[in-house]
Each structure stands twice: as C-alpha cells, then as structure tokens.
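Student: Residues 1 to 382 (the UniProt record's numbering) make up the sequence shown, in order.
Please keep in mind that the hints were generated in silico from the structure rather than gathered at the bench.
The reader is advised that the hints may include incorrect statements.
[As the list claims (entries may be wrong)] DSS-like, lysine-lysine: derived pairs with alpha carbons at most 30 Å apart:
no.: 1; residue 1: 76; residue 2: 138
no.: 2; residue 1: 138; residue 2: 70
no.: 3; residue 1: 216; residue 2: 200
Remember, it's a predicted structure, so these values are computed and weren't measured experimentally.
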Amino acid sequence: MFGYRVPDPDEALLISGGRSSSGAPFRVVIGHGAFVVPMFRRANLLSLAMTEAEVQETCVTKQGIALNVKAVIAFKVGSDVESIVAAGQRFLSDQDQMSVLTGRIFAGHLRSIIGSMTVEEIVTERQKLATEVLDGSKQEMAKIGLTVDALQIQSIDDGRLGYIAAMSAPHNAAIQQAAAIAQSNANQMAAQAEQDSLRKQAEYQRQTTIVQAQYKAEVDRAQAAAAQAGPLSQAQAQLEVLQAQKDVAERNAELREQQLVAEVVKPAQAEAEKTKILAAAEAEKIQILAAAAASNNRVALDRMLIEQLPEIVKSAAQGLSGANVTVLNGADGLGDIAASLVGQGSAIFEAVRKGFQGGVPGTAAGGNSSPTSVKIAPELNS
1 MFGYRVPDPD EALLISGGRS SSGAPFRVVI GHGAFVVPMF RRANLLSLAM TEAEVQETCV
61 TKQGIALNVK AVIAFKVGSD VESIVAAGQR FLSDQDQMSV LTGRIFAGHL RSIIGSMTVE
121 EIVTERQKLA TEVLDGSKQE MAKIGLTVDA LQIQSIDDGR LGYIAAMSAP HNAAIQQAAA
181 IAQSNANQMA AQAEQDSLRK QAEYQRQTTI VQAQYKAEVD RAQAAAAQAG PLSQAQAQLE
241 VLQAQKDVAE RNAELREQQL VAEVVKPAQA EAEKTKILAA AEAEKIQILA AAAASNNRVA
301 LDRMLIEQLP EIVKSAAQGL SGANVTVLNG ADGLGDIAAS LVGQGSAIFE AVRKGFQGGV
361 PGTAAGGNSS PTSVKIAPEL NS
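Produce the entire structure from the sequences given, and follow the hints as far as they go.
Tutor: Structural data, given as structure tokens:
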C-alpha cells in the first residue's frame with residue numbers, strides 16, 4: 001500500500017515529523033508496519049543486527065612493559081525503545097560509526113585495565129581481563145544505545161622483548177625436563193618390554209620344544225601299541241563275528257521250531273481233538289437213541305395206531321357205499337351215522353392197542369413188537 005512501511009525483523013522503523021507519545025523526537029516501530037503520510041512524515045530504518053569491532057592496541061602494564069593486545073567486540077543496538085532512540089540520534093545518518101566508536105571506547109578501557117595488571121596476571125588471567133573491560137565499558141556503551149554481547153581477547157605479545165618467553169622459560173624447562181624424564185622412562189619401559197618380549201619368546205620356544213617332544217613320544221607310543229594290538233584286534237574281531245553267526249543260527253533254529261509247531265503239531269493236535277469230540281458225540285447219540293427205544297415203545301405204538309386210524313374209518317365208510325341206508329330224520333340222521341363211524345373206529349383203535357399191550361401174536365420175546373396189519377370189516381347198525 002502506498003505510504004505503508006514494514007521494517008525487517010532486525011530493523012527498527014523511525015518515523016519523524018509528528019508528535020510522539022513517549023516524548024522522543026520520532027516514533028519507533030518494531031515488528032510491525034506503520035502508515036507513513038507522504039510529505040508530512042519521514043521514515044528511516046535503523047539496523048538492530050549484530051556488529052563486530054576490532055581493537056589492536058599497545059598497552060603498558062603495571063610493570064611498565066608494553067604489550068600488543070588484539071581483541072574483538074560483538075555488539076548491537078539495544079532492543080528497547082530508549083536504546084533505539086539513543087542510537088538513532090547518534091548513528092542514524094552514518095551507522096558505520098558505531099563500530100569505530102565502539103572500538104575506541106574498548107581501546108580506552110583496555111589500556112586502563114591492563115595498566116593496573118602485571119604481565120603474569122594478563123597472560124594467565126585473560127578471562128579476568130575481558131570481564132573487567134566489559135564491566136568498565138558497559139555504562140558508557142549504554143549511553144549511546146549499544147549493548148555488548150561478547151569480548152574476545154585474541155592475542156597478547158610483548159613484541160621482541162622476550163619477557164613473556166622468559167616468563168615461560170622455567171615452566172618450559174620444567175616441561176622439557178618432565179618430557180625428557182617421561183621420554184627416558186618410556187625408553188626404559190620400551191627396553192624392558194623388549195627384554196620381556198625376548199624372554200617370553202625364548203620361554204615360548206622352550207615350551208614349544210618340550211610340547212613337541214612330548215607329542216612325538218605320545219605318537220610313537222601310540223603307534224607301537226597299535227602295531228602290537230593289530231593281531232589281537234583281528235582275532236577279537238573274528239571271535240565277535242563267530243559269536244554273531246552263532247547267535248543268528250540259534251535264532252534261525254528257534255524260528256524253524258516255531259514254524260513246525262505252527263504248521264504240523266498244532267494242526268495234528270486240532271484234528272485229534274476234533275476226532276475225539278466227534279466220537280464222544282456219536283457215542284452219546286447212540287446211548288440216547290437206545291434209551292429212547294427202550295422207554296418209548298408205547299409212545300411209538302400209539303403214534304403208529306393214530307396214523308392208521310384215518311384208514312380204519314375210511315374202510316368202515318367204504319363198507320357203507322353199497323348199502324341201502326334210509327335216513328329218516330334228515331341232517332340229524334346223517335350226523336348220527338358219521339358219529340357211529342367215528343365211534344366204531346375208536347373202538348377198533350382201543351382194541352388193537354390193548355392187544356399189543358397184552359401180548360397178542362406177533363409180539364417178540366424181548367418185548368419189542370412190530371406192527372401187524374389189521375383187516376377191519378365194516379359193521380352196520382340198522
């Protein structure tokens with residue numbers, strides 16, 4: 001939009017030409033934009049980025065010895081409105097002057113602090129030197145709206161005076177002596193280690209020789225024992241083979257015996273047992289038949305007569321076939337005739353049965369009888 005200005009994140013927008021509520025000669029805008037009325041307002045940008053300043057200064061110590069000191073200062077404009085206003089009033093038109101002025105401020109404080117210290121303190125306590133320089137310049141830097149983030153002492157030397165070198169000479173000598181002693185000890189330890197290594201190698205070689213000799217003796221002894229044990233081992237193996245063959249033959253005999261029992265003996269025993277059982281059954285059958293023949297003659301005779309009874313009745317009925325019979329009472333008369341025939345047959349049956357039981361002709365002496373044919377003539381009741 002025309003007239004609308006937005007500063008970068010590391011910049012501050014300074015708008016002049018109007019009244020400021022804070023009493024500052026211009027309005028400070030940080031982190032957002034602002035509308036600047038053309039012709040009536042003017043806007044400028046002040047950098048808030050980190051800036052470096054180098055200091056190379058010859059400083060005289062408390063002992064009167066000149067030292068060349070090199071330091072680097074990291075600084076920036078403060079983030080608060082007061083610091084921005086202070087820096088804007090001093091450096092807005094020429095912001096490069098901030099590095100120049102900062103270097104001069106630190107150079108003055110560096111000379112002042114080094115003048116109150118000895119060379120030994122400066123060399124051995126650089127952090128103390130940096131801290132005192134920062135503390136001494138902090139207030140002065142704040143007045144111009146700048147803050148220091150870091151101060152680094154990069155180098156300190158005495159030119160060619162050799163004071164610092166002389167100061168370090170005892171320490172260097174002690175260090176060199178310690179280094180020489182350490183080197184000597186290291187050489188001695190290396191020689192001792194070498195001797196130990198040679199001694200260990202010799203001992204190892206001796207032990208190896210002994211072990212090899214023992215191994216060879218064991219091998220020779222084993223070979224001799226194997227040579228002596230050869231025939232014995234062969235004989236033992238033959239004995240084992242013979243024993244195995246014997247075991248196989250015994251096993252085959254057992255199997256053959258079992259086979260003969262299963263194929264011959266068992267069937268023969270079964271057949272004999274079958275014959276014995278059949279003979280016993282036949283004898284028992286004969287006994288039963290004999291007992292039946294002795295005790296059941298009467299039953300057999302009755303059965304025979306009963307079987308002949310229909311023939312008897314039939315013969316009696318045939319006798320009536322040529323007779324002139326007059327039936328006076330119809331169906332009742334026929335019933336009487338039939339009843340008479342059956343009664344006649346029953347009487348004949350009873351007579352014959354008694355005759356057989358009483359010993360009629362044809363009965364054998366032994367009590368066994370054979371059936372005798374009986375001729376029955378028909379009788380008529382008029």
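Student: State for each hint whether it applies.
Tutor: Cross-check of the supplied hints:
This hinted pair checks out: residue 76 and residue 138 have alpha carbons roughly 13 Å apart, not beyond 30 Å. For the suggested pair residue 138 and residue 70, the alpha carbons sit about 19 Å apart, so the restraint of at most 30 Å is met. A C-alpha spacing of about 24 Å is found between residue 216 and residue 200, which places the hinted pair at or below 30 Å, so the restraint holds.
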